[in-house]
Every structure is written in C-alpha cells, then in structure tokens.
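Using the hints, put the two standalone chains together into the complex.
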Amino acid sequence: MHRFQRMATGATAAVVLAFVGSACTGSTTGGATDDPNAETTITFWHGWSAPSEVKAIQDTVDAFQAEFPNIHVNVVGNITDDKINQALRAGGSSAPDVVSSFTTDNVGQFCSSHVFADLTPFMEKSKVDPTATFPPALLGYTQYQGNQCSLPLLSDVYGLYYNKDDFKAAGISAPPKTLSEFKADAIKLTTPAGDSYSQLGFMPNYHGYESTVSHYAALWDPEYFTPDGKANVASDPALAAMFPWQKSMVDALGGYAKLEKYRSTFGDEFSSRNPFMTGQVSMAMDGEWRAGMIDDAGTNINYGVAPFPVPDDQAASYGKGYITGTIVGIASTSDKQNAAWEFVKFLTTDTQAVVNFANAIHNIPSTFAALKSPNVDQDPHFQSFIKVAQNPDSNTTPSSPNGGAYQLTLQDVGYGYESGKVTDLQSALQKAAEQIDTDIAQAQ
Amino acid sequence: MTATTISRRTRRRRDRLRNLAFLSPWLLGTGLFFLYPLAATVYFSFMKYDGFTAPVANGVKNWQYVFEAYPFFWPALRNTLWLVLVVVTLRVVFGLAVGLLIVKIKRGAGMFRTLFYAPYLAPPVAATMAFAFLLNPGTGPVNTILGRLGLPQPGWFNDPTWSKPALTLLALWGIGDLMIIFMASLLDVPREQYEAAELDGAGALRRFRFVTLPNISPILVFAAVTGVIQTMQYYTEPFVAGKVASGQIGGSGQQVEPGYPDKSTLTLPQLVYNLGFQRFDTGAACVVALVLFVLAMAFAALLMRRGSGFLAMED
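Top line first, the protein sequences correspond to chains U and Z. The opening residue of the first sequence carries number 1154 in our numbering; numbering runs sequentially from there. The opening residue of the second sequence carries number 151 in our numbering; numbering runs sequentially from there.
Hints in this document: simulated from the structure, not taken from any laboratory. Note that the structure is a prediction, hence the values are computed from the model and not measured. Just so it is clear, CB atoms sit at the ideal spot from N, CA and C, and this is done for glycine as well. Certain hints may be false.
[To be verified] Label-pair distances were calculated between CB atoms; the ranges are:
1) Thr289/Z with Ser1205/U: 26 to 34 Å
2) Ala1522/U with Leu182/Z: 52 to 60 Å
3) Ala1522/U with Gln380/Z: 55 to 63 Å
Bound conformation, chain Z alone (with noise of 0.2 Å):
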C-alpha cells in the first residue's frame, strides 16, 4: 500500500517535471522578455535612476513630472490617440478594399497584387524619406502638380496641420500587409453562402454585409488589434519624416528638436527614447512605457470584447 503511494507520487511528481520541462522555453522566453522587463519598467518608474549610478527610491516624483511638467508628454499622447484612430481605421477599410478589389479582378490581378504589396517590403527610413521628397512643399512633386491644377498645396511634413495625414498616407501606401490577408480571408468565404443570398434577392451590399463581413470578422479583429499595437509603437517614420523636414540634422553637441513641426509628429515611444537615452531619465522613461502598456492593453481588449460580440452576434 505504502509503496504503492510512494510510486504514485513520483509518477506525478515525473509527470509535473515532465510538463514544467515542456512549458520551460515559454515559461523562460516569457520571464526573460516580458514579465521581468515589465516588472524592471514598474520597479524603475519609482526610482531616480540615470542608467550608471545605482537607483534611489524617489516615490510618484517621476510619475507627477511626466504628466504634470514634461512638457512634450501631452502633445505626445494626442498625436499617438490621433494616430492609432485615424490610421488603424483607414489602414484597416483601405487594405479591406484593395483586398476586395483584387479578388474581384479577371485580368491583371497579379500585377496589382504585386504593385500593392511592393511598397511594404520598403524600409520604414527609405520610405519616410522618399515620402518627405515627394511631398516636400517647396520642390516635391505633389505640390507642383497640385499647383498646376490649381489646388492648395499643403506643407505636409513641414506643417503641424497636415504632418499627421502626410504620416497617414505613408501608412496607407504600404498596405501590403493587410491586403494579403484580406485576401486570404476573402477567397476563404464559401462560395455557396453568396449564391444562397443571391437566390435570396441580397444585392452587393447585403452580401458584403450579411455573407463576407461575418466570414472576415475574425481576421478584422486581428488586422485592429495588431494595428494598434503597431501604431502605439509608431517611432522610425515620425522621427525620420520631422527630422528630415526640420533640417536639423544634428552635429557635434548639438540638440535634435523632437517632434517637429510643432511637435505634431511626436509620438509616445520617441519620447522613451529622448528621456531614456537623451536625458539619461531611466524612471520617466518607464512611466510613458507603462503608458504606453496600458494603453495597448486597453485597446486591445476592448477591440477583442467589441470583435468577440461581433462574432458572437453573427453566430
């Protein structure tokens, strides 16, 4: 009987090793590159630390200057919100309709495919700046044809009323991503539901409505949710497109300003960078990455509660 216990016990105790063997690549990729950088984030955003001396407890000091004194953290937040609304939807409409628009083509369509995934594969600084040449106010070719035809021609880059679409449009011409999945998800619809709300009398919209929309709702919540953590980590294009357009290149001992023109392209992980590395502020820095986590967290279950009773609804 004893003996028969004491087998037993180590045939769990075996099987729990066993299993804690099996789950430890995740349990140390997890440790290593999320739980401890987060608990090291909430630990530093409660110290005075610059990154060489050691950290000294300063209590809520480094959390009070960010949202009370650090005068580029507001401008920062507004332009993040403002990005992660307008650019997420737009990215998310505008891959749905280019996706759209290719599973429909008869001819060409690999052509087109290749033409809109192309600008994906740019690298963020070359595009930004083949952005900022294009879209130069006083020499790109945007403006001078808007000129010929008589529109108004934006400062774009270099004008805080129209950085943030110029950055919009930036992103939606690298659509790639999300058309190619779109795609995917839209040739994945079973061809007989159409055709059953054909026979039905449904028109184009009701079918987009009622048959394609239910069928690609998954990959919608999936293309919100990946785009608003994309967009909260928004960093190369908006530093690269307002230094390129500040002219402020930076030489020797010299301050870049941040978030020109007007701070209108700042964005939340700019400034971990600038406090962090530039103002050697390790526990600010942490405090707008937490912000920034929050934030993240927020979005994302929000979209997955709203996705989930979408879905739940359709069913």
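Next comes chain U alone, as it looks inside the complex (with noise of 0.2 Å):
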C-alpha cells in the first residue's frame, strides 16, 4: 500500500514537474530573413469587430494585395488583448505575424520585452524617416525608450464639443479659447434645479467620461518622466497647475458631491444615451468619433466642435490637444517580418490607404501626409480634429512598461482631490511620484 502510495505521488511528481518545466521556457526572437518578394501568406490580428469597420480593414487589404500579389493576408477580426498577449508569448504557426491593438498602454510592454520587433531597422531599409511621417505625439505612444516597436495605425483627437442652441440661448457667442473663458461659459450654461441641474455647462468631475487627468493635463502638455525614466509628476509645473483648475471647475459648478449624483443619471458613454446627446451637458470634451455617433443616432442636437480650451497664460498654444490611438506591430516570432513589414508599411504610411481607411472608419488620419490630403472627410467637425491632430503642440501620454499604472496612480489624486479628502495637492504628487517608481521598478 504505501509502495503504491510513492508510486501515485512520484508519478504526479514527475507530471508536475514535466510541466513546470515546460512552463519555463521564453519565446524565441524570429529573425527578418525572409524574401518579401516571394509567394507567402502572412496572419494579420485585429479588433475591429463591428460590420462597416471589418469590411474598412478588408478593404485596405485588399488593396495591398491589389499592390503585392505574391504576400497573401489572413485577416483575423475581433481579436482582445488577451489573445493576442497568449498568441505573442506562444507563437508556432498559427500566431500572427502583424498585431493591432487599441490599446496603447500595452506598447511599453511590447517593446521591452521585445515581443513586437523594433521596426527602426525596417524603416531605415524602406527609407521611411519616422519624424517626417508621423505627428510627434503619435510617435509617443507607439514606442517605449526609444524601441520604435510600433507605429500609429489612425488616431483619436479629443476636443470640445458644444450645444450651439445652449450657447445661442446664454448668449455665447463663439467657443472658449482659454480656461477662464471656458469656466465663465460653463457657469453661464449651468441651470441648478433644487439638489440637481436642468442643465449642466460642463461635467468636470474625473468620472465624467472623457474628463480624466490624462487628457486634461495634455492642455499643459506635462512631463510625466524625468530623461532617466523617474516620475516626475511631484515636479512638473502642468499637473501643480492642472489639478487646482479642475477643482475650482468642480466647486464652481456646485461641488463634487452634486456633480456625482447629476452624473449618475447619465446614459452609457458609447450610447445615444450619452449626455452630450441628451442635451444634459452644453459642452464636452470627446473624441472625434462622437460626432459620427451623433450623426448615426439621428439626433437632432445643432452641436459645433473646436479645439478644447487651454490655460491662459499659454493661449498663443489654441489648437492642441490629446491623442492617442490604434498600434500597428510586427511579431517577434514571426518568420515573414519582411513580408509582415511591406504590410506594416502600406498600412500605416500610404497615404491613400490611411486616408481611405479613416474616412471609412472616422478616425483621425496618423501620418502628416494623409492628414493633409484632400480627400480626407471635408465634413466640418472632422475637419477641426484634423486640426488639432496637425497642432505641433498635441501631445499625449507615453508609454510605460506596466499597462501604464502611473495613469491609475495620477486618477487616484485626482479623485481625493476633487472630493476633497486629500487637501495637501503637493504631498499627494509626492506620495504619488513615489508609488509610480516602485511600480516601475516592480515592472523592470
């Protein structure tokens, strides 16, 4: 009995252990090699899923095939992150050779443990000078301490929509251009009604959607990291400035407490419902795909859209904004990387491609050229993004080697801030400075 007993637990043992083993073992680097000219199908992930977005994709590669008929593209839709973080650690045959992701704060990770290939070598090859092609904020957020491991693939511009009606009725006459002006038109917009609002001028609190700390200190362009990778949020003059604005935003507007209860009674983002286009707030700041939205829903809101106000004392700046947007990389494992970068290429740096590609889906254009081009939607509120993504002053946050915590870490201020748990706004960067290093330092 207990010879069998050793016997049970020395076969699990070895079970175990085969397997923990195998557990061990890291993906490999593939190596460019191959001949981009020959016959050759590579697997192209990505996460558009609905209808006119898959059949905007399909197209653009039908184009590129149009282009190189010897490189066939299998295309795989409504792919999440987690695949494709399974897919990149695992590789074999079945693993994609060219990645899209939206979601940008994953790029720092991508680079560094180099699961996406640097693409520098391959644009050198193809002569494509990256600061010629791309918008700097793009170029941001597509690489990690200089490993350019990925490129824009269209972007999202943030900027102010407003009611024109509310404005006409309040005897606005144009939109806000600096943040005095703004905060002065949302009070006039504001119409208190007992504990709530019959109409709010502007949702200034943290959870109102798109108002979150990231995109409004892009107004003062802030520098997150020190040259040597340190935070420098406790010592940046942006944030000092950006929290305390949006504070008196939120006590001006009749304070945080009856801020969050209105917001409560807002539909969901991404829904006719939204609150922008329900007429429950005047003014809003939101992406360029906002307006499709509206247009989509039929609503009949008369609304304009213009670059978000900035600070004051950087009026001359009138015209920037945040962005982010699509990430476009080639996998490491990948054996076709020559092949997968005439892909990468057409996609993300022909002109007609990405213009075509954004007028499908209403994004912002991601390359100087294609922003430029006439065929891009002349449609008026498209128009103003474009502006804003041609601002040399747009910025946005860079990338970070741990799903962007730091961003979480800066939130988590902000939500004491604007309560009013936390009063003392330097100790908290302070504390928070710390936090972001220690989680960096967790991540490296």
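And the structure:
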C-alpha cells in the first residue's frame, strides 16, 4: 500500500515537474531573413468587430494585395488583448505576424519585452523617416525608450463639443479659447434645479467619461517622466496647475457631491443616451468619434466642434489637444518579418490607404501626408479634429512597462483632490511619484 | 517455490498497474488542473515574469511588493474578507429562512419556489447591470420610491459606504441555489422526530434548535464552505458594478479604474487579473493567487472543524 502511494506520488510529481519545466521556456526572437518578393502568406490580427469596420480593414487589405500580389494576408478580426498577449507569448505557426491593438498602454511592455520587433531597421531599409511621416505625439505612444516597436494606425483626437442652441440661449457667441472663458461659459450654461440641474454647462468630474486626468493634463503638456525614466509628477508645473483648475471647476459648478449625483443620471458613454447627445450637458470633452455617433443616432442636436480651451498663460497654443490611437506591430516570433513589414508599411504610410481607412471608420489619419490630403473627409466637424491632430503642441501620455499604471495612480490623486479628501496636493503628488517609481521598478 | 514467488510478484505488479489505471483519470485531472497550477503559482511567485520573456528568479521581491507597496492589496483583502463574513453568513441565513418558509407554505409553493429560484439563473453580468440600473442614485426606481417615502436615498454602487451592501443585496437576490438544497434537506428531516419533540412539549423554536438544525447541519456546513470558496472568487459582479457605476468603459489606450468607488468593490481576484494581464506582472499576480488559496483553505478548514464538532456534539 505504501509503495503504491509512493508510486502515485512519484508519478504525479513527475507530471508536475514536466509541466513546470516546460512553463519556464521563453519566446524566441524571429529573424528577418525572409524574401518579401516570394509567394507567402502572413496572418494579421485586429480588434475591429463592427461590420462597417471589418469591411473597411478588409478593403485596405485588398488594396495591399492588389499592390503586392505575392503576399497573401490572412485576416483575423475581433481579437482581444488577452488573445494577443497569449499568441505573442506562444508564437507558433498559427500565431499572427502582424498585430494591431487599441490598447496603447501596452506598447511599453510590447517594446521592452521585445515581443514586437523593433521597426527602426525596417524603416531605415525602406527609407521611411518616422519624424517626417508621423506627428510627434503619435510616435510618442508607439515607442518605449527609443525602441519604435509599433507604428500608429489612425488616431483618436480630443476636442470640445458644444451645443450651439444652448450657447445662443446663454448669449455666448463663440466657443471659448481659454480656460477662464471656458469656466465663465460653463457657469453661464448651468441651470441648477434643487439638488440637481436642469442643465449643466460641463461635467468636470474625472468620472465624467472622457474628462480624465491625462486628457485634461494634455492642455498643459506635462512631462510625466524625467529623461532617466523617473516619475516627474511631483515637480512638473503642468500637473500642479491642472489639478487645482479642475477642482475650481468642480466647486464653481455646484460641488463634487452634487455633480456626482447628476453624473449618475447619465446614460452609457457610447450610446445615444450620452449626456451631450441628450442635452444634459452643454459642453463635453470628447473624441472625433462622437460626431459620427451623433449623426448615426439621428439626434437633431445642433452642435459645434472646436479645440479644447487652453490655459490663459498658454493662449498661443490654442488648437492643441490629447491624442491616442490604434497601434500596429510585427510579432518578433514571425519568420516572415520582411513580408509583414511591407504590409505594415502599407497600412501605416500609404497615404491613400490611410485616408480611405480613416474616412471609412471616422478616425483621424495618422501621417502628415494623409492629414493634408484633399481626399480626407471634409466635414467641418471632422476637420476641426484634423487641425488638432496637425497642431505641433498636441500631445499624448508616454508608454510605460506596466500598462500605464502611472495614469491610474494620478487618477487616484485626482479622485481624492476633487472630492476634498485630499487637501495637500503637493504631498499627494509626491506620494504618487514614489508609487509610480516603485511600480516601474517592480515591472523592470 | 521460486515460480510461486515470481507469479505472486507478477500478480501484485498487475494489481498495482490496474489500480493505477483506475486512478489515472483522477491522477491526471488533479495533476493537470490542481497540482501543476499550484506548483507553477508557487514557482512564479518567486520569479520576475512578464508573460513574454523567460522568468528570472527575484527572491521575495514580489511578496514584498504586494504586501508593502501595491496600493490595491490591503483594500482588496479587507473587501474580500468583509464579503466572506457578511455575504456568506447572510446567504446561509436567508437561504435557510426562504427554504423553511417554502416548505411550510401549503398553497402557491410552486410559484414561490419559481420566484425565488429564477434570479439564480440570470447571468451575473446581466443581473449586475440590472441592479446597477435599479439602484442608480439619480434615476433608479429604488431611490425614487425611498424618496417618495421620505427615507434616505443611498448612493449604492456610487458610494463607498453602500457599494458592498449593494453587492450583498445582489447576492441575496440570487439565493435560489441555497434555497433548493435547504428545501431538500428540510424535507428529509424525519417527521416522527418533530412529533416526538412536540409530545415532549417542545415549541417551534426548540423544535428548530433540537430537531431541524442537527438534521440539516451537514448541509449548513456545505453551504458555508462552498459559499466561502465562491465569495473568495467574487469577480464578475463587483467588477461590472464598479465599471457601470464609474461610467468608465475604457476607450482606446485608456486605463480602467479598479474598484470604483474608492476601491470599495475591489476584490482579490480582480487584482490577479490587474497584475497578471494589465500590468504583465505574473509573479505578483501569483502572490495574490496564493494569498487567496491560503485564505480559502483556512476558512474551509475552520468551517469543517467547527462543523464536525457541531455534528459530533449533536450526535
């Protein structure tokens, strides 16, 4: 009996050790030795799922194949981040060669772990100058510490949506350009009703959908990190100015608790019950997609779009905004990296392809040439965002090796400060800086 | 003599192999789905592993980070323990009360059984979203009714004080599973024991204390142990409730705040996901998973011990 138990234990231990041992193997890096002129098939994973988006990306792939008939593209859509990470980890014959992801926060990890191939040698070989091709903000979120392991595939740009009828009723003739004008307009557009509002000029709370710390902070263009990668949030004047401004908006419009209660009456952000679309708020910070949603929903809201107002002492930089977007990279496990690069180059730098794709899915083109193209959607709302994308002061949040955890740390400071739980902002920012450094040290 | 020994040995070996063959499905299942993951979790908890590159030993750094520097760990642990103590206790008490009520009802028992059981069949995401709608502090019908009655209107999922009680209400709403097993065990209590107790002059409370409870105590222990394990794995409901109430769906490149409001709906399983799949820190995620494992084992052992003592006492 004892011997049998020993045998069973031994067999189990052998199975466990075998599996534990196999789990320790890491991914290998692929080499770029394939011939891009040979007949080959590459696999492309993307996350788009709506029929119109799937058709748009397929049209782009078809255009590529017309130009490169020897490179066949196996397109796999509706892919989530978890699946991407799993495939990049495992590699293998069915793993993707080219991957696009909506989660720019993961770029730091993709670059630092080298699961995405560094695209710099490919760009040099093809004479693609990234700084002359892509706006600086877009290059910012597609690289980590100099490793350009992904490229931008269209972008999302933030601006100010305003209700023209509400503006007219309040006697406001034009959208605000500075934050003091913005605050005055928001107060003018607000009509309190008991412990709520019949109309709110603007929802400043950090939970007010797109009014997040990083989106506001872009108006001051912060330096989140020092050149040596340490958190700069406690020393950066941009954040020290942004938090009090937001808090002053909260106080001026009725206070945190009242605004939070009103916020709970809002419908889903990405539905026709969005508060700007229902008229519950007169102004909103939002991305270019909102215009398309308003049009698609058939709401008769009379709205305009403008760049978000800027700090009074930076009035000259009016026109800038926050930018993020979709990224695309080549799996380092791919043994068809040269063919994959031809595809990535086409997707990200071919002006007509970028313009057609942007027009089809109502995103902003991601190259200088495509932004200037006369074929880009000429709708005035869309053009407002094009101008923000072209503004040299538009900026983004830099990538980090832990999925952008520093943004959550800063959001936490924001929640505490706007609600009044945190009163000593400098001390909170100091603690946040220490936390960010600890988190990054843990990730490296 | 030698031939007999050999044949005995051969027979024994055959017996062992046959036994092993019979046990092999269990051995394989336990090895693959319990022992291997457990051993791997312990192994990776001492490794720096981002899920992509080969793991590198880093001693107890992950443990130090989780216990000393990860700001979400202690709030999540407190929330998980709160939910285990409150939700499990209330679910067992409420499930038993509903079971008792339904076995006593003479007319319409079928309808009540269906009414109480149906919510259990609702998918967790849909049920949580429905609760978030009902308990919405601004537009929800619950607060509208409370307001009309002149009663206080809590912030429910939007208020850190009320978010866990709101989750408790959601857990009690889906009590159907416990109601069914308690009903079955209550119907299994021998009638003659009640009749004997009644003849001895025992009232309803004493009959419950000295007849019902001893008979259903194994089921009570079962409900408590499985309840603890389920609550330790509580992920979907607090995650969805927090997300819906915060209004943060998470657009492109956007971080989603865990545990809204004010980390009050954060549970340990959410941290495993946050660390392992959003921060690419498999090592620290394994530490949290092991904390969960140890806690679940400790609670289960405690309940089994208390339960067996309770049973022995009643015997």
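Violating hint indices (sorted, rising): none
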